[in-house]
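There are 2 protein chains.
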Amino acid sequence: MKNPAPPNKEISLDEIFTLSKKVMTVHGANEENGEAVAETVTNAERDGSVSHGLFRIPGYIKALDSGKVNGNAKPVLEEISPVIMRCDAQNGFAPIAHKYCLSSLKAAAKKYGLGAVSIQRAHHFAALWPEVESLGNEGLVGFTCVSYLPWVAPIGGSTPIFGTNPFAFAWPRPNQNPMVIDMATSSMAMGEVQIAARDGLDVPIGTGLSASGKLTTNAAEIAKGVLLPFGGHKGSAIALMVELLAGPLVGETFSYETAERDNSDGGPPQGGQLILALSPDLLGGINWANQAEQFFDKFEAIEGVRLPGARRYKNRKDGNIRKVNAELLEKIVRLTKHDR
Amino acid sequence: MKNPAPPNKEISLDEIFTLSKKVMTVHGANEENGEAVAETVTNAERDGSVSHGLFRIPGYIKALDSGKVNGNAKPVLEEISPVIMRCDAQNGFAPIAHKYCLSSLKAAAKKYGLGAVSIQRAHHFAALWPEVESLGNEGLVGFTCVSYLPWVAPIGGSTPIFGTNPFAFAWPRPNQNPMVIDMATSSMAMGEVQIAARDGLDVPIGTGLSASGKLTTNAAEIAKGVLLPFGGHKGSAIALMVELLAGPLVGETFSYETAERDNSDGGPPQGGQLILALSPDLLGGINWANQAEQFFDKFEAIEGVRLPGARRYKNRKDGNIRKVNAELLEKIVRLTKHDR
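Taken in sequence, the protein lines are chains A and B.
Throughout, the working numbering is defined as the position within the first sequence, counted from one, plus 874.
Throughout, the working numbering is defined as the position within the second sequence, counted from one, plus 874.
Bear in mind the hints are in silico, worked out from the structure with no lab data behind them.
Hints may contain errors.
Unchecked claim - Dumping the calculated DSS-like pairs for lysine-lysine here, alpha-carbon to alpha-carbon at most 27 Å:
hint, chain 1, residue 1, chain 2, residue 2
1, A, K984, B, K896
2, A, K1172, B, K1088
3, B, K980, A, K1098
4, B, K985, A, K984
5, A, K883, A, K1205
6, B, K980, A, K980
7, A, K1088, B, K1088
8, B, K896, B, K1197
9, A, K985, B, K942
10, B, K1197, A, K985
11, B, K1098, A, K1172
12, A, K896, A, K1205
13, B, K973, B, K1188
14, A, K984, B, K942
15, A, K1188, A, K973
16, B, K1172, A, K980
Construct the complete structure from the given sequences, taking the supplied hints into account.
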């Protein structure tokens, strides 16, 4: 470590929720919107998913202050068919859209075996696991993806056109948390590269290119250049797939179009999200849950491997107190002090 | 190149079809089953997807001869809900199952925006692009995946539990072929490693592990060891996702279970397949096709990149004559000479 660990402060999850909700409402969000974002932030801190927790609050607030995001959004759900819904997020943050669409999606998937929501005009600024975990908790397989801003070049090129384009997947498990995969299709998150650049650290070769399009391990040069997808041509193809699924398939923008309409206030840009739910009861029918548990046992018995998402669930069991960056906490407390 | 190019023989696509159908029927397949496999083989040769063309015929024949696969299969389609079908392939090769299920899937997806087929008891021995291309040709987004035999170790471990677990994705394009992604989630196909081993060639580090669990570039050692997923932990998680989607989700086996019930005759083992179809007309609704074409233009304008599947479509335009391995051709002709 080049730098000393930053000073941390202990704070309870209840306090994180209260503070997050307060800062949102002080900056114009209503109760319902403030609570939806506060819950997302609190659950991220609870699971040790720190880069999606309090760290995001200044961005949420910038987007409220600039007027880009509507803190009083009341999303509108339109049923296109018994299994397809479009959710107009009404320019609000994504968590409020999820509050308005997930229960209908679950009902459709349980009844018909399959369902999808196209979320439009939402501002997504968090991880994707909460959405699919919620589906997994109801015995459904969940899949979701979003695109973002064009920071990632396709393999072979040096012009960014993809977002970091994460997707998430959940598999339901009886009497325990779903198995959840949540990954960016970029080699690394831009935030991680920026932190490595700040701290003068190297990153693995393949993470990105310098501004002149050269492969480099120098994080500072990549921060001025472009990221690359994970996994070479295959990862690049998956990033392309996410652009299509979270863009035109759901009636929303590609990452490059998202950037064109964003006001660059530092808050989350507006874009689309696809959420799919599938019922193993209807698709498979027999014994799928026990069969999968036997597989997971076999998988976890392999030395050196663990199930995706296991670390978050471990962190989740870690009581009610979390250590958070003291400077960030002070900043958020200051943000609660002034109206917009 | 260590070895000289193998002697090739010119043959027309029509002859490839006729020969493939004949060898199937001589070994007990009926007209319908023989034609379904022959079409798959011919289309693979047409597109230059050589490892899924005539190269597979000896395996198809072994599976007919051993009685593992039913060459007179008449798949049964059961409608579980208006958008969910289960297709019992009746122990036949996958292409015959596709003949029986794809039109119903397309109709459901066009009407309701979304549809899925669980294929059970099928023997898949080809690429996945034909299924999704067929959906793409009808203005639908397609997704499919299968698992296989346990040849791939999860990242961190050295015990194989995943199949090479390919998936495919198609995006419909107006007045032209769909954009199609088709990839194994392993670093490389086992066949490619075996060929490199035979020819004394090295493979990239990360392709697989030796029998003692060590990373190596020596293809011969990997052929005796295990393959690894592409793209590190992320690719490993995707391989895991495919195990679940093509296994218990559709009422079928994991790769390790597939191996347990296979007779090791060299033909394709029995397993499941998930096929999903989504309608951008219903999910997105507006202008998705033009919007995506603009994106593809922008994408293809980036120096050094090309759309996935472009090479296959280029090969497809290459007239009616193909060069095929002369030794393989002789072997297949010999196989047409004797009854089972």
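Hints versus structure:
1. K984/A <-> K896/B: Distance of about 46 Å is beyond 27 Å: violated.
2. K1172/A <-> K1088/B: 21 Å, holds
3. K980/B <-> K1098/A: Violated, at roughly 46 Å.
4. K985/B <-> K984/A: Holds - the C-alpha atoms of K984/A and K985/B are around 19 Å apart, at most 27 Å.
5. K883/A <-> K1205/A: 13 Å, holds
6. K980/B <-> K980/A: Distance of about 23 Å is within 27 Å: holds.
7. K1088/A <-> K1088/B: Between K1088/A and K1088/B the Cα gap is close to 31 Å, so the pair fails against 27 Å, i.e. violated.
8. K896/B <-> K1197/B: 20 Å, holds
9. K985/A <-> K942/B: The hint is violated at about 36 Å.
10. K1197/B <-> K985/A: Violated. K1197/B to K985/A sits at ~52 Å, over the 27 Å cutoff.
11. K1098/B <-> K1172/A: 22 Å, holds
12. K896/A <-> K1205/A: The given pair, whose Cα atoms are some 13 Å apart, holds under the 27 Å limit.
13. K973/B <-> K1188/B: Holds: K973/B and K1188/B sit about 26 Å apart, inside 27 Å.
14. K984/A <-> K942/B: Given pair K984/A, K942/B is violated - Cα atoms ~36 Å apart, limit 27 Å.
15. K1188/A <-> K973/A: Judged against 27 Å, a Cα distance of about 26 Å means the pair holds.
16. K1172/B <-> K980/A: With a Cα-Cα distance of about 37 Å, the restraint between K1172/B and K980/A is violated, given a limit of 27 Å.
Violated hints for the displayed structure, listed by number in ascending order: 1, 3, 7, 9, 10, 14 and 16.
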